[in-house]
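Read left to right, the sequence shown gives residues 3 to 502 (the working numbering).
Among the hints, erroneous ones may be present.
[Claimed, not checked] No more than 16 Å apart at the CA atoms, straight line, and that leaves these computed lysine to aspartate or glutamate pairs for EDC-like:
no., residue 1, residue 2
1, 365, 354
2, 390, 440
3, 371, 304
4, 371, 354
5, 137, 440
Derived by calculation from the structure, the hints in this document are not laboratory data.
Quick caveat, the model's predicted, so the values are computed rather than measured.
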Amino acid sequence: MRHAAALTTALILLSALAHAQTAANATHTPLGTGVQADVHPYCKCSKRGCQPYARKVVDMTPALRAATALPDGACIFNPALIRISGSLYCTFTRVYVAADPAKRCVPGQLDRPPFMDAWNGTLANMLAVVRIRRKRLTSEVAVTVMGYQYLDQVNLEDGRLFRDQHGRIFLYLSVPYGKYGGDRASVNSVYRVYISCKRGAGAGAGNSTAAPASLAASTASGGNATVTCVARLGSPRLLRYDRSLAWEKNWVPWNGTSLMSYSHYGPFGPHSVFNWSSYREPHPHSRFVAAANESFFHAFHDTFMHLIHLSGGTPAILEASGGSFLAVGHVRIHPGCLHPQSIPGLAALLGDRVRTNCAHMLKLPTEMKEHIPFRTFMYRDPRGNMSKHYHVDYAFFLYRFNSTPPYAVTHISHGILPPSDDHFGIVFPSGLERLGSDYVISYGDADQAAKLMLLKQADINKLLVPLPVMHARIIAYSVCTLPFAPGLAASALMGVGPGG
């Protein structure tokens with residue numbers, strides 16, 4: 003108790019001393035230069051770059067819930083995503099049903115995250131085939147479920163969907179063993195995903211089973227036959243790395259290859275690479291086939307210690323140039339960096355406004371930085387309601403790396419949040435794909451909803467910062483919310499059409 007009290011006192015005093023420096027640092031940050039009460043600040047323009055935008059956010063949850071026989075009150079979140087062909091995609095989501103009926107998810111609300119139920123309910127997953135279409139005139143995006151499988155025999159947690167070098171679809175999983183909050187270990191493995199679709203009676207179509215590619219071509223050309231799909235998982239294949247720590251997960255498959263990045267717990271780098279040769283029979287590894295030892299990640303870790311961690315998120319996809327891959331990782335941030343009210347007494351000095359970086363925490367001695375407790379706290383949301391905030395903040399970050407050895411990371415973004423009316427500290431990226439000319443990031447919102455965020459290539463480029471530039475400005479690393487494109491109402495961009 004005395005240690006905790008001394009830590010809190012030191013934190014308050016040091017934060018007061020750092021207040022002036024925080025303001026100075028913020029003026030040199032290309033993202034998150036504004037501060038807005040009770041909400042995460044929007045990403046801003048600066049002399050070094052123009053503001054990026056979220057083109058659209060699509061909530062897939064209503065379509066997934068309406069078309070499936072999931073239990074009442076099920077939360078559906080953290081959707082992996084891979085394009086099958088045409089407008090057909092495969093998604094793999096987490097499903098949670100709270101033990102306490104009063105804590106189960108309610109459609110249209112994001113006020114009952116599973117951590118409020120202490121994860122004591124039913125943990126499951128869903129594998130589904132969906133059609134995602136964008137209407138040309140209105141740009142509205144419609145999601146239709148073509149078929150699904152409910153997997154409630156074992157908790158598979160967060161999956162990532164990708165293709166190997168032969169075009170076969172696989173699901174990467176880091177399956178947990180042990181209970182939340184206790185000793186846990188992760189076993190990394192891949193599962194082959196098998197998809198078959200059947201075209202029912204329609205205009206000029208009899209009952210037949212066809213490849214998803216031909217069905218996508220038919221529906222894209224205006225065929226009105228009813229299509230149903232079935233997706234199932236094959237047997238698991240172990241991804242063995244002899245030096246992996248028990249809790250290390252979030253490895254990053256490279257779409258269209260047998261390569262995969264190892265996500266080092268904490269510093270993220272050096273960018274280390276496996277080559278499994280074949281996901282049917284993955285070769286065990288005792289070392290990496292390549293590692294790019296960028297000094298940025300060491301400096302980042304030494305600066306923030308456990309205040310900010312970078313980790314893997316989505317699979318990487320090859321960019322149009324062929325010279326680089328793009329991926330989305332997740333940032334894990336101590337809530338004291340962004341929310342002064344998370345630490346007793348700190349809000350009285352700094353105010354209740356959400357901040358954009360950890361500069362006010364960096365005056366702490368190294369030992370104290372490593373022992374600041376992570377805990378939930380009461381947070382006033384944008385509507386003025388008091389809600390419990392998660393014990394950490396999560397955000398996305400984009401990164402780009404070379405497609406040739408040693409596969410060095412060349413660009414990284416600040417932390418970004420998708421636009422949302424709710425905030426519990428939890429957004430998690432699980433998939434990166436293309437929808438027409440746009441990139442689409444599939445992610446979980448508050449462990450309760452499965453969403454898609456669309457970004458233009460130009461906005462991706464605005465977000466990415468060359469690694470040497472970010473290295474020179476590590477202290478100012480910030481987190482901000484992407485606004486919607488100017489002139490487009492948020493109400494018109496949220497939501498989802500009922501069908502194709």
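Each hint, compared with the structure:
1. For the given pair, residue 365 sits about 20 Å from residue 354 by alpha-carbon distance, which is inconsistent with the 16 Å threshold.
2. The straight-line distance between the Cα atoms of residue 390 and residue 440 is roughly 35 Å, outside the 16 Å bound, and the hint therefore fails.
3. Distance hint between residue 371 and residue 304 is fulfilled; the C-alpha atoms sit about 11 Å from each other, no more than 16 Å.
4. Straight-line distance between C-alpha atoms of residue 371 and residue 354 comes to about 22 Å, which puts the hinted pair past the 16 Å bound.
5. The straight-line distance between the Cα atoms of residue 137 and residue 440 is roughly 14 Å, inside the 16 Å bound, and the hint therefore holds.
Hint compliance for this structure: hints 1, 2, 4 are broken, all remaining hints hold.
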